[in-house]
Structure formats: C-alpha cells, structure tokens
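Work out the full structure, taking the sequences as your base and the hints as a guide.
In this note's numbering, the protein residues as written are 1 to 359.
Note that these hints are calculated values from the structure, not bench results. Glycine included, C-beta positions come from ideal geometry on N, C-alpha and C. Be aware that one or more of the hints could be misleading.
Pairwise CB distance ranges (calculated) [to be verified]:
id	residue 1	residue 2	range
1	Cys-341	Gln-94	52 to 62 Å
2	Leu-78	Glu-199	19 to 29 Å
3	Pro-213	Ala-126	53 to 63 Å
4	Gly-281	Ala-240	12 to 22 Å
5	Tyr-297	Asp-95	44 to 54 Å
6	Lys-210	Lys-296	32 to 42 Å
7	Arg-132	Pro-157	21 to 31 Å
8	Val-214	Leu-78	10 to 20 Å
9	Lys-296	Cys-90	40 to 50 Å
10	Gly-125	Gln-182	30 to 40 Å
11	Glu-81	Arg-206	40 to 50 Å
12	Arg-132	Gly-340	15 to 25 Å
13	Cys-90	Gln-182	50 to 60 Å
14	Asn-139	Thr-72	19 to 29 Å
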Amino acid sequence: MHVTLANIGANSDRLGLSVCNMTSVMQCLPTGIIASVPPVLLRLDDSISPCVGPAPLRKRPKLHLTQAAPKTYGLEDLPDEIFGCILGQCFTFQDYCSLSQVSLRYSQVASSDVYWEPAYCQRYGAITDVTRDAATLANSWKELFRCRTVTNKQGEPRLSPCFYELTAVLQRIAYEQAAATQPGGVMFLLDGSGSVSTEDFDVMTRFVYKAVPVLHEIAPTTKVGIIQFSTDVHIQQPLAHVDRTNLLSVMTDMERMHGGTDMALAIQTASTHMQTALPPGGLQTLLILSDGFIDKYQGDAAVVAAHAMQTEQAEVSFYAFGVGCAVNRTELDRVVAANGCTDADCRYMALAVLPESLG
Numbered sequence: 001m002h003v004t005l006a007n008i009g010a011n012s013d014r015l016g017l018s019v020c021n022m023t024s025v026m027q028c029l030p031t032g033i034i035a036s037v038p039p040v041l042l043r044l045d046d047s048i049s050p051c052v053g054p055a056p057l058r059k060r061p062k063l064h065l066t067q068a069a070p071k072t073y074g075l076e077d078l079p080d081e082i083f084g085c086i087l088g089q090c091f092t093f094q095d096y097c098s099l100s101q102v103s104l105r106y107s108q109v110a111s112s113d114v115y116w117e118p119a120y121c122q123r124y125g126a127i128t129d130v131t132r133d134a135a136t137l138a139n140s141w142k143e144l145f146r147c148r149t150v151t152n153k154q155g156e157p158r159l160s161p162c163f164y165e166l167t168a169v170l171q172r173i174a175y176e177q178a179a180a181t182q183p184g185g186v187m188f189l190l191d192g193s194g195s196v197s198t199e200d201f202d203v204m205t206r207f208v209y210k211a212v213p214v215l216h217e218i219a220p221t222t223k224v225g226i227i228q229f230s231t232d233v234h235i236q237q238p239l240a241h242v243d244r245t246n247l248l249s250v251m252t253d254m255e256r257m258h259g260g261t262d263m264a265l266a267i268q269t270a271s272t273h274m275q276t277a278l279p280p281g282g283l284q285t286l287l288i289l290s291d292g293f294i295d296k297y298q299g300d301a302a303v304v305a306a307h308a309m310q311t312e313q314a315e316v317s318f319y320a321f322g323v324g325c326a327v328n329r330t331e332l333d334r335v336v337a338a339n340g341c342t343d344a345d346c347r348y349m350a351l352a353v354l355p356e357s358l359g
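Structure below.
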C-alpha cells in the first residue's frame with residue numbers, strides 16, 4: 001500500500017481524522033513519510049481543537065421566530081421634563097445635593113429654582129417679597145437655602161436670617177428712604193427690658209452696627225438715631241449723620257436698662273424727636289428690636305401710639321425684628337400694621353429666636 005499525504009487527506013473523512021488526532025496518526029507512519037511532512041504539522045498536539053474535516057451541519061436559524069432582547073433604560077435616559085417631575089415629587093433637598101455630585105447634567109437639573117424654592121418654603125416658612133429679593137441677591141434659591149442652613153447651624157439653638165435676607169430687608173428700608181421727597185431718618189428702638197438677656201441685647205447692638213452702612217450706601221442723607229426702652233426711655237443717639245466710629249462707640253458704651261417693656265412710650269418719644277429733627281416730608285422709619293413680651297394692655301397702647309404717629313406725621317414706616325427666647329410676634333405684627341400698610345408680612349423678621357418662637 002502506497003501511503004501519501006494526499007491519500008490521508010482524501011480519506012480523512014472516512015477515517016475520522018482531524019487536527020486534534022493528527023499527531024497520533026503521524027506516529028504510526030513510516031520514517032520516510034514523516035520526514036516529508038511539513039514541520040508545522042509535526043508541532044500539532046491534542047490541545048488544538050479546530051477540525052480540518054468538513055464543518056458539521058447546522059440548522060439554519062429561523063429568523064422570523066427570533067425575538068430581539070428588550071432594551072432597558074436608566075434614569076439618565078429620561079428627558080429633563082420627566083426627570084424633573086420625579087425630582088419635584090419624590091426627592092428631598094438632601095437628594096438634590098447628592099444628585100448634583102453625579103454628573104454635570106444632574107447638577108444643572110437638580111440646581112433649578114423650580115425645586116429649591118419649594119424646598120426653602122417647606123423648611124423655613126412662607127416666602128415673602130423680602131425672601132424673593134434675598135434669592136435674587138444670592139443668584140439662586142439653592143444658594144439662599146445653603147446660606148440660611150449654614151447660618152442656623154452656626155447659631156444653634158437660635159434661628160437667624162442669613163446675610164442675603166438681612167441685606168434684602170435693609171435695602172428695602174433704604175430704598176423707601178431714598179424715594180422720599182425730603183431727607184428722612186431711621187430710629188432704632190432697642191428693647192432693654194428684663195425679659196431680654198444680655199446675649200439678646202448684644203444681638204441687637206451688632207445688628208444696628210451692621211445695618212447703618214447698608215442704609216447709607218443707598219440713602220446717604222438718611223439720619224440715624226437709637227433709643228433704648230424698658231419702663232423708661234433713653235435716647236442713646238439723637239438723629240444725626242453718624243459714621244461707624246461714632247456708632248461703635250455708642251454701641252460699646254450702651255448698658256441694658258432692665259425693667260418693664262413700655263413700647264408705647266418708646267414710640268411716642270421717637271415720634272416727638274423725629275418731628276423736630278427732620279424736615280416736613282421726610283420719611284420716619286422706626287425699627288423695633290424686641291421680644292414683644294408685653295401684655296394685651298401694653299400691646300393696645302403701643303398700637304394706639306403707632307397709629308397716632310401715622311396720623312400726625314403721615315410719612316411713617318414701621319419694621320419689627322424679633323429677638324429672644326419667647327418672642328410674641330402677634331403683638332409686634334399689630335404695631336407694624338398700625339399705619340395701615342399692606343405688606344406687613346415683609347416688615348417682620350426673626351433676628352435671633354428659638355424655633356418655638358417662630359409662630
């Protein structure tokens with residue numbers, strides 16, 4: 001029998017030869033034939049699995065019966081409109097902060113005022129025109145929320161307005177002064193009664209010191225005065241154009257009076273003093289810093305005094321800032337609204353109060 005490589009290839013199907021068993025076949029061949037085999041074939045071993053024989057028959061797939069695998073979508077595939085609805089209904093402000101760290105797109109969507117304005121309202125109460133002005137100063141509701149949260153954290157357990165909110169209300173007061181036909185004045189009425197602690201009184205004096213430069217930046221001709229009241233009244237600084245150095249000296253030398261809370265007497269004293277110190281037509285603004293810790297009789301007297309001042313001098317504006325651990329906002333709101341203003345909600349601000357005093 002004459003065996004050649006050609007014969008082996010021709011009969012490989014019948015013999016069942018493949019690459020995987022080619023090595024064992026070659027070991028049985030005569031030496032002369034092995035010498036004629038290409039070296040590459042001699043290096044084949046049983047680890048080679050491809051078959052050199054005819055490919056096995058396979059059934060043709062039935063394409064018409066094949067179903068495409070369902071495609072899945074993630075949160076990132078949703079359009080902004082749908083994604084925004086999910087944010088507004090299901091997420092909290094903590095979720096917005098976390099989502100902002102994921103990607104640029106999430107940061108842009110989660111930073112929208114659409115979500116942060118309701119979050120601010122839910123956490124810090126009703127939104128007024130002053131609050132909206134503060135958000136404008138902050139350039140976004142998210143930044144206003146952040147600043148207010150940091151301020152409250154630093155002042156615990158007391159709650160305080162943030163820098164943007166204080167600036168907004170002071171600018172509102174200053175713009176009222178600037179719009180008047182004649183130069184006006186701002187009188188600070190500081191509650192020095194026994195219900196106000198030393199810490200609370202320090203909050204008041206620091207507020208005055210920070211407020212005056214903001215007022216003068218917008219209304220530089222406005223005069224400033226300071227009255228401390230308790231059972232009695234003391235004019236600490238008559239209406240005048242004061243600089244920060246003189247103002248600091250007044251604040252440093254001021255001592256709390258103690259005693260009761262005669263707010264009506266303080267308003268009457270301010271009215272008389274401002275009437276003589278200001279020209280006709282000048283706006284008279286009273287900023288009352290107090291815990292409002294007065295009874296109904298004292299509250300009625302303060303309202304009557306505020307209404308009389310409005311009747312006698314026409315150009316009068318009241319604001320109140322709550323300070324203390326038991327602020328009576330109801331009585332402060334009554335005094336602020338005594339001149340018939342329609343924006344009383346913008347004329348009260350909790351300057352430094354405990355959470356239970358916010359009602």
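Exercise for the section: Determine which of the earlier numbered hints do not hold for this structure and return their numbers in increasing order. Expected result: Hints 1, 2, 3, 8 and 14 are the ones this structure does not satisfy, whereas the remaining hints hold.
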